[in-house]
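Same order as they appear, the protein sequences are chains A and B.
The C-terminal residue of the first sequence carries number 390 in numbering that gives the first Met the number 0, and the numbering is unbroken.
The C-terminal residue of the second sequence carries number 349 in numbering that gives the first Met the number 0, and the numbering is unbroken.
By construction, these hints were calculated from the structure, which means they are not laboratory data.
Zero decoy hints are in this set.
Within a straight-line C-alpha distance of at most 27 Å, the following computed DSS-like cross-link-like pairs (lysine-lysine) qualify:
hint : chain 1 : residue 1 : chain 2 : residue 2
1    : B       : 139       : A       : 367
2    : A       : 194       : A       : 212
3    : A       : 208       : A       : 194
4    : A       : 48        : B       : 139
Far from chain B by the CB rule (all over 12 Å, computed), these chain A residues:
hint : residue
5    : 53
6    : 55
7    : 95
8    : 194
9    : 218
10   : 225
To give a feel for the contact side, a few chain B residues facing chain A, derived at Cβ under 10 Å:
hint : residue
11   : 44
12   : 48
13   : 145
14   : 220
15   : 314
16   : 315
17   : 316
If you're wondering where the values come from, they're calculated on a predicted model, not measured in any experiment.
Cβ coordinates follow ideal geometry from the N, Cα and C atoms, glycine included.
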Amino acid sequence: MSMAKESRNSEELMLADLSHWEIGPYHGALPGQMCLRLTLDGEVVVSGKVETGFLHRGLEKAIEIHPWRAAITYADHLDPEAAVFGELALCLAVEQIAGYQIPARAVAIRAILSELSRVSAHMLHMVKVANSVGAETMIHYVLRDRERVLDLFELLTGARFSLSFLRFGGVRNDVTEGFIERVLEACVLIRARIKEYNDLFTFNRTFLKRTSKVGVITPELAKKTGLTGPNARASGLPMDVRRAFPYLNYPSQDFDVPVGRGEGGAVGDAHDRFLVRLREIGESLGILRHLAESMPAGDFLCPGVELDAATPETVALQIPPGEAYARIESSRGLLSCHVISDGGERPARVQFGVPSVAALAALPEVLKGIWIEDLPVVLSSLDISLAEADR
Amino acid sequence: MSAESLGFSPGTPEWIVSIVGLLGVYAVVIFPSVALMSWLERKLIADFQARVGPNRAGPAGFFQPIADLLKLLQKDTRYHWSWREGLWLAVHTMALYSTVAVIPLGSSLIFVNTDMSAFLPFWAALVLALGTMLLGFSQKSVNGWFGGVRVGVQALAGALPALVCMLCAGVRAGSFRWTDLASSQGGLPLGWTAFSNPFQFVAFVVFVASGLVLLSIAPTSGGLSRIDLHGGVSAELSGRRLSLFRLGRFYVFFLWSVIAVVIFLGAWILPGNLAEIISQQIGPFSLAVIELVCVLVKAYALMMGVVWLSRVVPHGRVDQITNFAWRVLSPFSLAALMGAAIWAGWRALL
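One chain only, chain A, in its complex shape (with noise of 0.2 Å):
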């Protein structure tokens, strides 16, 4: 913001009438690089327009323009902070043209992988709603319990974040010895921690007061923008694509699909959409515990898939000529990938669709009539990835 620009806004603002505050593209309540053209009627916003495209990194153009071995890798960049899901879905579409049929064990391992990222953005997402009405406690509780699942994602694939584990017709290596029964402790610890949680903060007077009625989303908006995932269910709309498009072995998965009802004081605030990732949280939990649980023999990869190794000598992936769309739930809610292959060593063309871009769109209306207080509550509350929307 030029001082110009600053000092015209502060003369409006004597007038006591409407003025105008433009946030962005960096500003500690943003949830990443984005500008907000807010219009003010004291402290209480009229209406806001949002520009984005300040992260935009050509990631589906980089995808066309390498080999198909490396779209992965720019896949997982799609959202840092749940990295699994945009391989998954890109991996998925893959597998469809290229016809490989994925070995149980594999498909276990990449579920695990699902729900233990959809628990750290989760947790992640509590930690952000947390730091926005300041309650600095529940923040370092958080994040100290989401370490035992970046301690997973290290023990499996050697990495805490981006994390680049799977493959075209599996995952790049089997499980490490001592995963799955750390996977079921973490699962043990993590919930007992759900329980400390609620006592402390989620039904907290001042924690309801700040959120509840908050940044309302009615089921007509939700469709209307075409909002899926928690801030969908949270509005009452109960789809997820687990339970309406199944994909990998979730159909042999015993779990419920969370919905808003409600409990701040409206069905879709802010509290709302936090409470409905708590019960999620415990949902994959469940899930991960059967699955740790009844992982099944076998390979990793597709057989006659040949994993990359770094050499000059590696002979280039071929996909043959096809086109697959393929959609998951993400943490987020629905993540597409449409992938386009011409038979060559590159994609002929990758296209994602992401569920941070419906939210975006809800924006707008979200705002109206907000305080500015509440707009970190509100932002943080949508747990948008300015990543993977803008890509």
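Knowing the structure of chain A, use the given hints to seat chain B on it.
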């Protein structure tokens, strides 16, 4: 304050004693308190939050506050800086310096002890709050403007209940003179004003809570710590100015805790006739030191309690905070005043 008890020769002019005393309070009480409390706060809160906290600068990170100060002093300040901002930061700082003269730290460590001296730091705190507000206004930024407005409305909302609660303590002591307020209390907790009757306890709780609202101290720091404003008024400050501002923020918190201790939590009064024995056996200087430590320990404990609470609970919105001050704290303070007055009248009749 008797000059002789602090080691001055009988003929020393009063202004020299005052200046040396003020500087002494800064050097011996305020600055060490800033360093000690910020270290204690960071270490203890880190323990509560399952973290390590500072552990590099000195043993257990003890010199971290000094390292922080040195860093802030070295930092470049913002390029745009208007004379108005300088003016209001100066007002802010003057409020900070002037209250040191009225801060009561022991029976012999009082510079101003008049009939109404209990109200002096109160008004200084209001000046500090309004200075902060005008500092925000002069910054010509959205952060400063909204931060300033929030600090201002909170100061107004917190002032009434805080004043009324001070009256409660005055009703019991029969005076607003520091020494009278202190000597009306006993050395043990049951003799303290806060625990003398239920109304005084309510008055104590409301006094502390409304002080936090008045001075925008966390968890009611709407204008100064919110991420939507990047810290409000302090968003535009950096380097030396920021360290001055932060010193002011700490100081008002400290000032308020000391007042709460003096009027509600037994001040510097020692149990039984311990004060007399110490004064006679060891000397008046040692008594002054022991009384100072007594006040400081209680004030630190009160501050730590507030800090602990502020780190755990979510922070309210400014309109919710002012609502709370006007519609919860104010009625409770008035009820406490009424009750305390009836209680005192009843006791007088008996």
